[in-house]
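Protein chains: 2
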Amino acid sequence: MSNEVNVGLIGFGTIGAGVVEIFNKNQNLLDEKTGKKLNLKKVADLDIITDRGVKIDENILTTDVNDILEDEEIDVVIELMGGYEPAKTFILKALNNGKHVVSANKALIAKHWEELIETAEKNNVRILFEASVGGGIPLLTPFNEALSANKFESIYGIMNGTANYILTKMTEEGLEFDEVLKEAQEKGYAEADPTFDIEGHDTAQKLIVLTKIGFGKYVPQENFTVEGITKLTPLDIEFAKNELEYSIKLLGIAKKVDEDLEIRVHPTFIPKNHLLSSVNDVFNGVYLVGDFVGPVLLYGQGAGRMATASAVLGDVIDIALNPEKELNYGPKTPQVNKVKSIEDLVTKYYVRLTTVDKPGVLHKVGEIFAKYDVSIESVTQKGNSDRLPVPIIFVTHSANESAVKKAIKEIDQLDEIKGETITIRILKE
Amino acid sequence: MSNEVNVGLIGFGTIGAGVVEIFNKNQNLLDEKTGKKLNLKKVADLDIITDRGVKIDENILTTDVNDILEDEEIDVVIELMGGYEPAKTFILKALNNGKHVVSANKALIAKHWEELIETAEKNNVRILFEASVGGGIPLLTPFNEALSANKFESIYGIMNGTANYILTKMTEEGLEFDEVLKEAQEKGYAEADPTFDIEGHDTAQKLIVLTKIGFGKYVPQENFTVEGITKLTPLDIEFAKNELEYSIKLLGIAKKVDEDLEIRVHPTFIPKNHLLSSVNDVFNGVYLVGDFVGPVLLYGQGAGRMATASAVLGDVIDIALNPEKELNYGPKTPQVNKVKSIEDLVTKYYVRLTTVDKPGVLHKVGEIFAKYDVSIESVTQKGNSDRLPVPIIFVTHSANESAVKKAIKEIDQLDEIKGETITIRILKE
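Here the protein sequences come in this chain order: A and B. Under the UniProt record's numbering, the first sequence is numbered contiguously, ending at residue 429. Under the UniProt record's numbering, the second sequence is numbered contiguously, ending at residue 429.
These are computed hints drawn from the structure, not numbers from a lab. Mixed in with the good hints, there may be bad ones.
As the list claims (entries may be wrong) - One side of the interface only, derived from the structure: several residues of chain B facing chain A at Cβ under 8 Å:
id, residue
1, LEU29
2, PRO86
3, GLY98
4, TRP113
5, GLU114
6, PRO142
7, VAL296
8, LEU298
9, ALA307
10, ALA309
11, LEU321
12, GLU324
13, PRO331
14, THR333
15, PRO334
Stated by the list, open to error - Have a look at the derived ranges for each label pair, beta carbon to beta carbon:
id, chain 1, residue 1, chain 2, residue 2, range
16, A, GLY82, B, ASP64, 53 to 61 Å
17, B, THR423, A, LYS405, 36 to 44 Å
18, B, GLU245, A, GLU58, 32 to 40 Å
19, B, ASP258, A, ASP57, 30 to 38 Å
20, B, LYS25, A, ASN124, 31 to 39 Å
21, B, THR333, A, GLY83, 37 to 45 Å
22, B, GLY188, A, ASP258, 30 to 38 Å
23, A, ASP260, B, PRO334, 48 to 56 Å
Unchecked claim - Listed next, the in silico DMTMM-like pairs over lysine to aspartate or glutamate satisfying Cα-Cα at most 25 Å (straight line):
id, chain 1, residue 1, chain 2, residue 2
24, A, LYS122, B, ASP291
25, B, LYS111, B, GLU4
26, A, LYS371, A, GLU343
27, A, LYS93, A, GLU32
28, A, LYS36, B, GLU173
29, A, LYS151, A, GLU4
30, A, LYS25, B, GLU153
31, A, LYS37, B, GLU118
32, B, LYS428, B, GLU238
33, A, LYS37, B, GLU324
34, A, LYS332, B, ASP31
35, A, LYS151, B, GLU32
36, B, LYS122, A, GLU21
37, A, LYS241, A, GLU183
38, A, LYS325, B, ASP193
39, A, LYS25, B, ASP291
40, A, LYS371, A, ASP357
Heads up, the beta-carbon is just placed ideally off N, CA and C, and yes, glycines get one too.
With the hints as constraints, model all of the structure from the sequences given.
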């Protein structure tokens, strides 16, 4: 790499426009930080007509991606088109043509980690993807550098802004999921098809990347439990907030237990005094614990044009400064053995039964929990009626997931139980 | 640097022992992350007798620092002795002898920044000091890498664990400063002579380093206001907590205002819903705002043997991976012009007057504030007596520091004012 670093951008969408904007606004800073001239040489997109609201030299726009992939002068390719194909083909071609790659494509990286990294290593180029997890938050770099001497014990991440916005609004305003989702869609905080965000898949992909970097273990998504937030009700959220001092968050959790790995994505009640409980709205936060550093929280905007573009350019600067830098994508030897089954999870549970308030139901339920060795920390009954069904909320002590499930299955067969029983896991560090 | 990286450690104190412990416990991980053999080859200290509670090969201990500085096989020198001299002489000698240096010595770096960096650059070696600010928190590295494409707007740091522990205890338990300090000393959270921590000097030194890295501007400590926490009372803290929903924190603030730099250290009231308000006990948190990334919080243990050693080894790994890496210590051109005088500060103020509750005093005080263009957001009077002095608390709208000072000087001359008037700045982002 000479004193000039030529950058090609594939994908002129929202984040792509953010990248162009950083070049427009902070060109001097970029040059000064790298000691080189950083050129945005070409931008490829199928649509080069629509106005993206940023100033751009029309001569650098192209509809032919090979204008970038085959341009020998281009040193760094930024891939921001997303999805598996043709993004993967383009990235592999760029790497094989000796170009460094910067990508925000968590889906692709989570799925094809090994092939991408190996191709980069084989070609002596770098592939960086800080923007793929936690948007603008410095996250992968710290794992690989400042925190690199640690063996990690656990990673807890609020990594989806859409889900977190919805849960924050449900909590603050006591609204139903559907109402808030609609509002979020109107505000542009949720996609027209929000499945990916609200069902936890986006969080799962980011967790896969963090788990590989933190524990050296690659776990494909089909190998762990992923639960979304669509079934949450204001009743549970408000009760947990007011009576139990819990917040509700969609958490990605990767945790070393004995020598195995717990990995899971699900809505989780978090005690109010835990810092993750203060990560609200569209913000993301990743809380990790290292054997030497102890707990660390990294917090910021997990998505959005400007924040994500900031992380993309951070990677470009790193490459411009250190094209020969050796790679460090977490420990080469996995720090954990097998992936534990969710059935073996031990945590605290929030359980809401809906029951007709007959004398004796508490006793029966208590007996069933005891039979499965699930001990109860607190019981609260809301409302008071002999006829209407009322909610009764149990908080368990640490208990085994499969035991809790069996107990609830048996409880649900009691005549007094009306309506669905709700179970929500509680964070237990 | 061959496939073996030899490390020499100067200073076998608390943190030095932590470094030895990481080598003992995570040697395999260190080797794997760097792809090299990382050897702790020598440890120098005047006292090599006292048991530090960690296993160490006695043959690597030496009382002669030149056994490290003049050993041609040593690639990286870790300096953990602290203080200005002889630490500075040793570091310069190490750099001039072609050795990379890792240091946690914020005092030295804050004072001799230019000489240290220039000497490293001249010798084509690296000097890293992630551990000098925020202990184990990834802080300087993110500024230089993941966040590097940003122009920074502001940096707010809770960077002294002792002060934060004391303020947290005063808040939670309503205790006097002296009581809590004594308890903190007994627990080992405060030094026998705590001046450096509680008067804000430690925070100031860390702020100097962050300001240089964030804004490219070196500001020596004598050029800005540094106020400690010794004058804070439970009365103000409790009132702010219960009536105004503020927390009290010792903040280091560096902020771009117009094109100039605001830089200051002082106790600050922070609204409860601000994330910094949840940074409690001995923890540190730095909240920064970049023009693209927006707000970011980096949180963790700001001191202590294990966390600080984690950051030191993070730097050593970075050097082992990338000995040729180009340096990036923030923008070379300062991003701000002059340092603003504290007299020109515009923020909100908490003002507690102590007055005999004569009718008319509120009116007189209001007139004086108005005369100096200080407008009032709220007034609260606690207690109710015609004879005893009672506190009256004013919260101002944004006002000018010098105007507030002048107003208070005049107010203090009123006959009705008894005892000292307390002024505390309120965070205004």
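We went through each hint and held it up to the structure:
1. LEU29: Holds - the Cβ of LEU29(B) comes within 8 Å of chain A, reaching about 6 Å at its closest.
2. PRO86: 27 Å, violated
3. GLY98: 20 Å, violated
4. TRP113: Because about 18 Å separates TRP113(B) from the closest Cβ in chain A, which is outside the 8 Å limit, the hint is violated.
5. GLU114: Because about 17 Å separates GLU114(B) from the closest Cβ in chain A, which is outside the 8 Å limit, the hint is violated.
6. PRO142: Since chain A brings a Cβ to about 4 Å from PRO142(B), closer than 8 Å, the hint holds.
7. VAL296: Result: holds, 4 Å to nearest chain A Cβ.
8. LEU298: Holds - the Cβ of LEU298(B) comes within 8 Å of chain A, reaching about 6 Å at its closest.
9. ALA307: ALA307(B) check passes; min Cβ-Cβ to chain A is 5 Å, inside 8 Å.
10. ALA309: 6 Å, holds
11. LEU321: Interface hint status for LEU321(B): holds (5 Å vs cutoff 8 Å).
12. GLU324: GLU324(B) check passes; min Cβ-Cβ to chain A is 7 Å, inside 8 Å.
13. PRO331: With a minimum Cβ separation of about 6 Å from chain A (threshold 8 Å), the hint on PRO331(B) holds.
14. THR333: 6 Å, holds
15. PRO334: Result: violated, 11 Å to nearest chain A Cβ.
16. GLY82(A) / ASP64(B): 53 to 61 Å: Since GLY82(A) and ASP64(B) have Cβ atoms about 59 Å apart, the given range 53 to 61 Å holds.
17. THR423(B) / LYS405(A): 36 to 44 Å: Roughly 59 Å apart at Cβ, these two residues miss the hinted range, so it is violated.
18. GLU245(B) / GLU58(A): 32 to 40 Å: Since GLU245(B) and GLU58(A) have Cβ atoms about 52 Å apart, the given range 32 to 40 Å is violated.
19. ASP258(B) / ASP57(A): 30 to 38 Å: Roughly 31 Å apart at Cβ, these two residues keep to the hinted range, so it holds.
20. LYS25(B) / ASN124(A): 31 to 39 Å: 33 Å, holds
21. THR333(B) / GLY83(A): 37 to 45 Å: 40 Å, holds
22. GLY188(B) / ASP258(A): 30 to 38 Å: 32 Å, holds
23. ASP260(A) / PRO334(B): 48 to 56 Å: 51 Å, holds
24. LYS122(A) / ASP291(B): 37 Å, violated
25. LYS111(B) / GLU4(B): Violated: LYS111(B) and GLU4(B) sit about 33 Å apart, past 25 Å.
26. LYS371(A) / GLU343(A): Holds, at about 18 Å.
27. LYS93(A) / GLU32(A): 30 Å, violated
28. LYS36(A) / GLU173(B): Status violated; Cα separation ~55 Å.
29. LYS151(A) / GLU4(A): 39 Å, violated
30. LYS25(A) / GLU153(B): Measuring from Cα to Cα gives roughly 14 Å; hence the hint holds.
31. LYS37(A) / GLU118(B): Holds, at roughly 23 Å.
32. LYS428(B) / GLU238(B): 20 Å, holds
33. LYS37(A) / GLU324(B): 20 Å, holds
34. LYS332(A) / ASP31(B): Given that 25 Å is the threshold and the Cα spacing comes to 10 Å, the pair holds.
35. LYS151(A) / GLU32(B): Cα-Cα ~12 Å, so holds.
36. LYS122(B) / GLU21(A): 36 Å, violated
37. LYS241(A) / GLU183(A): 22 Å, holds
38. LYS325(A) / ASP193(B): Violated. LYS325(A) to ASP193(B) sits at ~44 Å, over the 25 Å cutoff.
39. LYS25(A) / ASP291(B): 10 Å, holds
40. LYS371(A) / ASP357(A): Roughly 22 Å between the alpha carbons, so the hint for LYS371(A) and ASP357(A) holds.
When the structure is compared with the earlier hints, violations turn up for hints 2, 3, 4, 5, 15, 17, 18, 24, 25, 27, 28, 29, 36 and 38 and for no others.
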